[in-house]
Each structure stands twice: as structure tokens, then as C-alpha cells.
Amino acid sequence: MNPTSRHSHPGLQPIDDSMLTRESWKIFQIMAEFVEGFERLARIKPSVSIFGSARIQPDNPIYKLGEEIARELSDAGFAVVSGGGPGIMEAANKGAFAGKSPSVGLNIQLPHEQTANEYQDISLGFRHFFSRKVMFVKYASAYVVLPGGFGTLDELAEILTLVQTGKTRRIPIILVHSPFWKGLLDWFEDTLVAQGTIDESDLKLYTLVDDPKAAVNAIFDYYEARGFEPSPEEKEKLMEL
Numbered sequence: 353m354n355p356t357s358r359h360s361h362p363g364l365q366p367i368d369d370s371m372l373t374r375e376s377w378k379i380f381q382i383m384a385e386f387v388e389g390f391e392r393l394a395r396i397k398p399s400v401s402i403f404g405s406a407r408i409q410p411d412n413p414i415y416k417l418g419e420e421i422a423r424e425l426s427d428a429g430f431a432v433v434s435g436g437g438p439g440i441m442e443a444a445n446k447g448a449f450a451g452k453s454p455s456v457g458l459n460i461q462l463p464h465e466q467t468a469n470e471y472q473d474i475s476l477g478f479r480h481f482f483s484r485k486v487m488f489v490k491y492a493s494a495y496v497v498l499p500g501g502f503g504t505l506d507e508l509a510e511i512l513t514l515v516q517t518g519k520t521r522r523i524p525i526i527l528v529h530s531p532f533w534k535g536l537l538d539w540f541e542d543t544l545v546a547q548g549t550i551d552e553s554d555l556k557l558y559t560l561v562d563d564p565k566a567a568v569n570a571i572f573d574y575y576e577a578r579g580f581e582p583s584p585e586e587k588e589k590l591m592e593l
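Each residue of the sequence shown is one higher than the one before, counting from 353 in our numbering.
If you are wondering where the hints come from, they were derived from the structure by calculation, not from laboratory data. Among the clues, some could well be false.
[To be verified] Taking lysine-lysine and the DSS-like style, the derived pairs with C-alpha atoms no more than 27 Å apart in a straight line are: (1) 397 to 452; (2) 378 to 452; (3) 490 to 397; (4) 587 to 490; (5) 519 to 452; (6) 397 to 534; (7) 556 to 397; (8) 534 to 589; (9) 378 to 485; (10) 485 to 397; (11) 589 to 565; (12) 397 to 587; (13) 485 to 519; (14) 587 to 556; (15) 416 to 378; (16) 534 to 452; (17) 587 to 534.
Here the structure is a predicted model, which is why all the values come from computation and not from measurement.
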């Protein structure tokens, strides 16, 4: 290849500052999302982030299960953080709102507008998934994951990756409703472990439960020998998220 022709590629040409104007201003929008999130959520500890499908209706037993778990956690002293929308997100906020602790919704702006549910003491809006995902992790003492779709799987994979790689502190990751998760967990063991893409010890990063009290008990059991507040080493990890 002629080196001269390679260097003529548009991607290797000097940057035209006018092309960066919109992207540069976007930085301030992203910064604002982080600043507001940090300011509003820093005092809600301890908290539990709850995930699940936006498509599950209030008459579905899974909705009721999410609502009961959130109520149990709220009465036990945990603020509950959800995605702020319908389905399991609404169930989580509704249960927490009926309890003693704050109900928090981290709403995302989507092409097909997500409507914030009405059960939120704190409601934050985000344009960007990545800044919103940091807020789910940064102040969470545990993750509770109910049945859901791609978004739920994304959040589950995110926290598993962060804990597995040591980029965040170890926290309880509770999967709820074993009939839904069994196929995926079997695939983890039969394929991922078998192929060497994860270690067998990684299967211990999560706990599978089927009822609200078991979810709450799994969290308290984990913290029985230590407080909910991150250790100095864990605080450093959270600063590097």
C-alpha cells in the first residue's frame, strides 16, 4: 500500500474544531448528570438497586413479588433504587414508597418516551445509559434482579463484570424467581465454565431465591459480620468506577 494514500484517509486528517462543537458541549451535559446524581443519592445509604422488565403488568405475580421485596427492604431500612419506569421498576418503587425508606427512580429518556411512575421520593432523569448505570452501582449495598429483558440482562452483566474484575466492591447479587433464571445459570456452568471463559468460583457471585424474605435475608446474612458502609479500600474502588 502506498503510504501517501493511507495518510489521506479522512480519519487521519487534522481535526476540524467546528466538528467538535456539539460533542464538546455534550461533555457538560454528561457532567451535569453525574453531579446531580452524586448530590441527590449520596445520603440514601444503605440502598438496594432493583431491576426487572418494564413490560410486566401489575396483575402479574412477578410484579407482586417485586413489590413485596421492595416493601420488605424499605421497612428493613434500605432505600430502594429502580429505573423509574413501568413494570418491575414501578413495582419496586411502589413497594418502597409504601415502606419506611426512600423510593428512588433513575429515569432514562428513550426514543419511545419512558413515563416515570408516581411512586418516587427522588426522581432523576438521564439521557445516557452509562451515567445512569454508575448511579445504580455507586451507592448500592446489593442488587436484586427479577425477570427482565435485554436491559435487565445488561445491568446484571454489568455488576457481575465489575465485581468479577475488582472494579467495584463485592456486594450481594440476588436473582429472583428460579424458573426464569435456571436456563441462563445452567448455561453459565455448562458452557462458560466448561469453555474456560469464566472461573467456577464466579458462580458464587450471585444467589438465587424465590421469595421476598429470602432476598432480604441473603443481604443481611452477607453483612452480618461487617457494616453496610464501604471499607476505606472499597471506597477507593468506588471512586474509580
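Hint by hint, here is what the structure shows:
Distance check on the hinted pair: residue 397 and residue 452 sit about 14 Å apart at the alpha-carbon level, within 27 Å; holds. For the hint pairing residue 378 with residue 452, the CA-to-CA distance comes to about 38 Å; that exceeds 27 Å, so the pair is violated. A C-alpha spacing of about 10 Å is found between residue 490 and residue 397, which places the hinted pair at or below 27 Å, so the restraint holds. For the given pair, residue 587 sits about 10 Å from residue 490 by alpha-carbon distance, which is consistent with the 27 Å threshold.
Our distance criterion of 27 Å between C-alpha atoms is broken by residue 519 and residue 452, whose separation comes to about 32 Å. Restraint check: the Cα-Cα separation between residue 397 and residue 534 comes to about 31 Å, which exceeds 27 Å; the hinted pair is violated. The hinted pair formed by residue 556 and residue 397 meets the criterion: a straight-line CA distance of about 25 Å does not exceed 27 Å. Straight-line distance between C-alpha atoms of residue 534 and residue 589 comes to about 31 Å, which puts the hinted pair past the 27 Å bound.
Between the alpha carbons of residue 378 and residue 485 the distance comes to roughly 18 Å, so the proposed pair stays at or under 27 Å and holds. Distance restraint check for residue 485 and residue 397: the Cα-Cα separation of roughly 17 Å lies within the 27 Å cut-off, and the hinted pair is therefore satisfied. For the given pair, residue 589 sits about 30 Å from residue 565 by alpha-carbon distance, which is inconsistent with the 27 Å threshold. A hinted pair counts as satisfied when its Cα atoms are at most 27 Å apart, and residue 397 with residue 587 qualifies at roughly 13 Å.
Between residue 485 and residue 519, the direct Cα distance comes to roughly 14 Å. Compliance with the 27 Å bound is thereby established for this hinted pair. Restraint check for residue 587 and residue 556: satisfied, since their Cα atoms lie roughly 23 Å apart, inside the 27 Å limit. Taking the CA atoms of residue 416 and residue 378, the gap is about 40 Å. The hint is violated against a cut of 27 Å. Between residue 534 and residue 452 the alpha-carbon distance is near 33 Å, which puts this suggested pair outside the 27 Å criterion.
This hinted pair does not check out: residue 587 and residue 534 have alpha carbons roughly 34 Å apart, beyond 27 Å.
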